[in-house]
Amino acid sequence: MSKRTIIPFGPQHPVLPEPIQLRLVMEEERVVEALPAVGYIHRGLEKLVEKKDYNQCVFLAERVCGICSFLHSVTYCQGLEEIMSVTIPDRARFLRLIWGEVHRVHSHLLWLGLLADSFGFENVFMHAWRCREMVLDLLERTAGHRVMLGVSCVGGVRRDISDEGLADILRTVDALQKEFDEFVPVVLNDYSIKQRTVGVGKLTKEQAAELGAVGPVARASGIARDFRETGYAAYGEVGFKIVTETAGDCYARMKVRCGEMYECLNMVRRAVAAMPAGAINVPVKGNPTGEVVARLEQPRGEVIYYLKGNGAKNLERMRIRTPTFANLAPLLAMLPGCELADVPVIVLSIDPCISCTER
Amino acid sequence: MTLTPQMLTVILAVVLGPILGALVSGLDRKITARVQGRWGPPIIQPFYDVLKLLRKEALGVNRIQIIYVWLHLAFMILTVVLLAMGQDMLMALFAYTFSSVALILGAMSVRSPYSRIGSHRKIMQMFAYEPVLILLIVGVYLITGSFQASSVAQQPLLVKLPLVFLTFLMAAAIKLEKSPFDIATSHHAHQELVKGITIEYAGPYLALIEITHFYEIFIVFAVVASFWATSPAIGLGLAAAGFLALIVVDNVFARLTPMWMLRYMWTVPLTLALSNIIWLYCA
Amino acid sequence: MIKRVFSNLFGSPATRLYPFTRREPFAGSRGQLKNDIAKCIFCGQCQRRCPADAIVVGKKPDKSWAFDRYRCIVCGYCVEVCPVKCLSMDPKHGD
Amino acid sequence: MLNNELPVTRDTLLNEVAARRHQGYRFVTVTCVDLGDRFDILYHFDKDYVLYNLRLSLGRTENLPSISSIFFAAVLVENELKDLFGIPVTDLAIDYGGRFLLSEGSPVAPQRKPDAPPAQPAQTKDGAVK
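Residue numbers (the numbering used here), protein chains in the order written: chain A, 933 to 1291; chain B, 21 to 303; chain C, 5 to 99; chain D, 27 to 156.
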């Protein structure tokens, strides 16, 4: 009965929005070993910084990922601001926080929909994406685009949100809160969802620490680590609560993300209330010299930009370590021993973003 | 040769069966879409799908696979014919089972892991629903004293077989690949097995599987309706109610695992159906 | 979930029958780039700043301004740097 | 120059990495910067939101010892270095053999700057394909 088969999970698979291949070594329907094969969408973005000037690269950074786009560009800008010793205006910091947190809600809703799709619960999928549509519309109204906000620049943000826009944000946040209040408890208490997620894809706290898990994956395993705690942008003023769980299974990861969505809404509310007036960006002169590691917390976890400038208008080196890259190793620890039916759920529970992983 | 009413029924069933099945399938997609807050495709979308598949290039992995897909269809039609003629239900069940077996063998004849795991799961599905079908036939026999399909028209079966009816609906959820039992293949892209058991079929051969599935839908709802065969109106109402119930269940459940399905089907529904039969037997 | 199923079934769908019914674009949305060519001074600033090399400006003698919509990433950087503000973002998407 | 930076050599690298592990650091990532004549390999570790960096200066043809025996999670990024910079990394826990991010027919070591003296093609090829 121990005949081993290798199932190529991907690169094209209905559950994967992006191409990655997992070679699953199976015994009957049980996974014995998994090995990822990436490289299907390696775009060489890191190389492109040598060709474009550092202001154009804000847009390049934004296009690293199609979901947490804004947060990529913010990380990049924060890094350059550090090298060039630029202090950005308060209003810009608050605007970055608001857009960033709204972005996080959209990313988590997208993820919740995809997870539901992975266990064939289409109705949850559709509803999560319907809520997400409210968020995307809000982003388009305030920033001009649904996903590629294009509002970051070195030295602040490009676009201001008017008072009307802020009121619009509050209205949308309230509407979302209403949806979540109805929808999230239903999802978290559903019998069939619990059947598919509780105890599936366990990652212990030790494993998570050892393998360098980040973001909700680490927090669901009981590691209270969230880079927003360091108070970059306006997080110091607005304050937030880390959402953690201890079970370390897919259900815990779902719970962490659902909790974070509520927390995002609260932060946006507080940020809108405390919004300072003033300029939204400061002019930045000269070219960057020096090196820096910029970090911030994306929906999927901590992202790292290493930037090195040598006084030219093009950066010498940009290196991006996306959260999914860090979560791949934990994923490989979760898979062995699970059933084939659980593979899509486990893979999605880390919220994989392959195109940012490969850049 | 004159056309007897019985032959007319058979011809009507064979010709109209898949058309009705396709319409039900289209309606299913439409209502499912509305339940999910979408517009959904037109109701005749299944016809477009099959016609498009039929026009595509005929490609098969091997000959055996193609023979089995024809057998799959042929035995499904035989089932319809047997039931329409009011023949032996056990015989019909046998033909019906063989149709499924043909699909499994066809899927097993190719070296695709998805296809194979899909077939394994299909076998588990058969294990899960076959006892229910047999109990249904036994129930009918206990009431009417006959294995002939024509005997169901004597009296409303639902009165005496309420629990078996419920169980049959659960079996129907498996047959129609509805959540939580949509484990072997499914209409949309399947997240575990891609297309599962039918993954290695394309073009006209896939169309044949679709057409067989239309027959299957027709059979399932004809059986549901036959629980009140004395009045066509009530029978149709029953089928419609069962249909809506299946859609609702499909939309409030996630897909569960094959082992869960076996555990479930062999406990709750089987107990229900068996107690119904025992009650009939003793009464 | 059952509640949601029935409220969906008896409510109207959240989706649109897209090519036939369209949502009006929001004001301020970045749909597509427009150039008021009469005001353009062909300075080439937009060409130099464009991150996607989507704009080609012909210099002095044969003054021309060409724009490849399929290269454009609608970031709006050119609109920002245009010295005479002849470039603008139309909220409507192109077809 | 980064904060908390410690220069290491190929010989002291593994000891230093092991020391970070003992101190409870988490492996973050490895960054490679091609300086033209040498590579700067930066190992980033994190504890309580503070980064600790090891900087290894590597000659263009030297081997890089893998730290995947100490931090398994490093194996992916070390394979990436091998692919993109053509650095021969030794003792990898999982060796993709230069096919991690790149595939057959891809450019060889695309992030590597052209070697200073008019190429030692054997070396480049060696490092990348291996």
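Read the hints as simulated data drawn from the structure, not as lab findings.
By construction, the Cβ of each residue, glycine as well, lies at the ideal position given by its N, Cα and C atoms.
Accuracy of the hints is not assured; some may be wrong.
What the hints assert, rightly or not - Quick look at which bits of chain A chain C covers, simulated, 3 or more residues with Cβ under 8 Å:
#: 1; region: 984-992
#: 2; region: 1024-1033
#: 3; region: 1142-1151
Said to hold, decoys possible - Some chain B residues judged to face chain C by a derived CB distance under 7 Å, without partners named:
#: 4; residue: Arg54
#: 5; residue: Gly57
#: 6; residue: Arg58
#: 7; residue: Trp59
#: 8; residue: Ile63
#: 9; residue: Leu264
#: 10; residue: Asn271
#: 11; residue: Val272
Against the structure, the hints come out as follows:
1. Check on the region 984-992 of chain A: 6 of its residues sit with their Cβ under 8 Å from a Cβ of chain C, so the three-residue criterion for coverage holds.
2. Counting residues of the region 1024-1033 of chain A whose beta carbon lies closer than 8 Å to any beta carbon of chain C gives 0, which falls below the threshold of three, so the coverage claim is violated.
3. For the region 1142-1151 of chain A, the stated coverage by chain C is not satisfied: 0 residues place a CB nearer than 8 Å to a CB of that chain, which falls below the threshold of 3.
4. Proximity of B/Arg54 to chain C holds as hinted, the smallest CB-CB distance being about 5 Å (cut-off 7 Å).
5. The closest approach between the C-beta of B/Gly57 and any C-beta of chain C is roughly 4 Å, which is under the 7 Å cut-off, so the hint is satisfied.
6. Interface hint status for B/Arg58: upheld, as the beta-carbon distance to the closest one in chain C is roughly 5 Å, under 7 Å.
7. Contact between B/Trp59 and chain C, as hinted, is supported at the beta carbon level, the nearest pair being about 5 Å apart and thus within 7 Å.
8. This hint is violated: B/Ile63 has a C-beta 15 Å from the nearest C-beta of chain C, more than the 7 Å allowed.
9. Look at B/Leu264: its Cβ only gets to about 9 Å from chain C, farther than 7 Å, so that hint breaks.
10. Because the smallest distance between the Cβ of B/Asn271 and any Cβ of chain C comes to about 5 Å, under 7 Å, the interface hint for this residue holds.
11. Among the interface hints, the one on B/Val272 holds; its C-beta lies about 4 Å from the nearest C-beta in chain C, closer than the 7 Å criterion.
Taken one by one, the earlier hints fail for this structure at numbers 2, 3, 8, 9, listed in ascending order.
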